[in-house]
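Visitor: Sequence:
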Amino acid sequence: EKDRQQRFRDLDVHLKLLFQRWFAPGLLSHERITYDSTPAKIIEFIATKEAVHPMKSLDDLKERLGESKRVFALFHPSLPNQPLVFVHVALLPSGLPPSSMEEIMATSKNNGRHKEQSPPEVAAFYSISNGVKGLAGVGLGEFLLKESIQALKEELSSLQTFVTLSPIPKFRKWIKVAFLKEQQKHQQRISKGVSEDQDSEQLSSLLSLKDREALYRCGLVSSASPFPWEEFLKTLEEIDITKRIEEAKTITDKDISNFLHNDDSEKKDTEPKQPAALQSRKHFFILRSVLLKLASSYLFLEKRRGKPLDKVCGFHVGNGAELHDLHFGADLSRGGLSNSYGLMANYLYDTERVSRNQANFESSGFVIPVGPGVGQWLEESDI
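Okay, so the sequence shown: first residue is 1 according to my numbering, each after it adds one.
Source of the hints: derived by calculation from the structure; they are not laboratory data.
Quick caveat, the model's predicted, so the values are computed rather than measured.
Each hint should be verified, as a subset may be incorrect.
Unchecked claim - Lysine to any residue pairs mimicking SDA-like chemistry, simulated, CA-CA at most 20 Å apart:
#, residue 1, residue 2
1, Lys303, Phe361
2, Lys303, Glu362
3, Lys243, Arg334
4, Lys170, Phe315
5, Lys181, Ser208
6, Lys185, Leu209
7, Lys234, Val221
8, Lys62, Met105
What the hints assert, rightly or not - Ranges between beta-carbon positions, derived for each pair:
#, residue 1, residue 2, range
9, Lys173, Thr242, 15 to 23 Å
10, Gln187, Glu44, 32 to 40 Å
11, Lys234, Lys153, 44 to 52 Å
Note that the Cβ used here is the ideal one computed from N, Cα and C, for glycine as well.
Put together the whole structure using the sequences plus the hints.
Guide: Here it is in structure tokens:
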């Protein structure tokens with residue numbers, strides 16, 4: 001059986017090298033896709049193969065090919081009507097990376113006023129999809145991004161920032177597995193005769209004591225110590241994140257300050273029951289903070305064979321990007337909520353650091369480069 005597995009691994013390596021020769025960059029053409037000049041069958045192919053943010057309608061397709069958007073693809077001479085891989089880009093006037101898909105899609109509404117707007121400063125890559133199965137690991141995505149950045153630089157000299165707004169596709173699944181493991185550890189310690197008080201002193205690698213107490217104080221769990229991991233998982237599964245975000249839009253800076261500086265960590269609220277709106281906003285703040293800390297730990301710390309466990313993170317960091325920031329409520333689509341509770345990540349392609357980051361990625365003891373946004377959540381995790 002071991003010999004059979006080794007033969008398959010050898011075959012996999014051989015095929016990968018063969019495909020890398022067949023699809024070498026020198027044989028590929030990089031093209032911009034437009035609604036007016038690209039053949040209809042190619043546009044239809046891209047619409048049907050879009051894997052990250054599926055097309056909803058013909059109007060949606062037109063918007064993604066509008067003046068404030070770009071779509072680029074790689075073609076091979078043997079497959080002239082079938083893009084091997086393609087990427088969607090949004091051009092934003094603000095100098096800040098996008099924080100939500102809503103912000104990305106809002107650029108389409110300004111297509112008619114494009115010439116009156118300030119020149120774009122940010123190119124946001126928000127979706128990259130394979131057009132042909134079986135070419136993973138060949139390096140097509142890396143080449144496509146490099147060529148697209150270069151094409152955008154040549155077309156629009158005003159661009160200063162090249163960044164992604166990327167999904168975290170397995171984050172929700174990871175949380176479920178990690179929480180159930182923590183619950184299992186607790187039960188095993190109790191079965192071995194460890195008292196509840198002694199077990200509560202065990203530090204968790206997932207949530208700090210401060211976060212557990214905050215979840216308890218606002219009523220999202222029934223205990224801070226020992227922490228009910230399975231109960232909190234059930235709360236996450238049942239809570240309506242979209243509703244919490246909508247309710248939190250009415251919050252003021254004074255509300256934020258009062259909540260963040262109200263340190264009653266020693267006890268659960270004993271005051272008269274608070275208005276539902278305020279309680280909902282508290283839930284929003286606690287959930288946002290906890291999920292962003294968990295996501296930062298997942299992307300930064302979780303590894304498989306020394307590389308990021310999250311494949312999207314591994315792809316962009318391996319291409320020289322920095323894990324720049326994380327955003328709560330960034331993708332409230334059904335897929336976004338079911339995959340990552342709506343969280344998304346920015347990966348920053350600083351063209352002056354890409355080569356150095358790529359070299360570091362292949363070195364032993366590699367540490368993912370992070371921006372201040374992610375660094376803040378890692379520091380506040382306090383684990």
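Visitor: Could you run down the list of hints and mark each one as holding or not?
Guide: Hint-by-hint comparison with the structure:
1. Lys303 x Phe361: 13 Å, holds
2. Lys303 x Glu362: 14 Å, holds
3. Lys243 x Arg334: Holds, because 14 Å separates the two Cα atoms, which is no more than 20 Å.
4. Lys170 x Phe315: OK: Lys170 and Phe315 at ~14 Å, within 20 Å.
5. Lys181 x Ser208: 16 Å, holds
6. Lys185 x Leu209: 17 Å, holds
7. Lys234 x Val221: 10 Å, holds
8. Lys62 x Met105: 12 Å, holds
9. Lys173 x Thr242: 15 to 23 Å: 20 Å, holds
10. Gln187 x Glu44: 32 to 40 Å: Cβ of Gln187 to Cβ of Glu44: about 54 Å, so the range 32 to 40 Å is violated.
11. Lys234 x Lys153: 44 to 52 Å: Holds, at about 49 Å.
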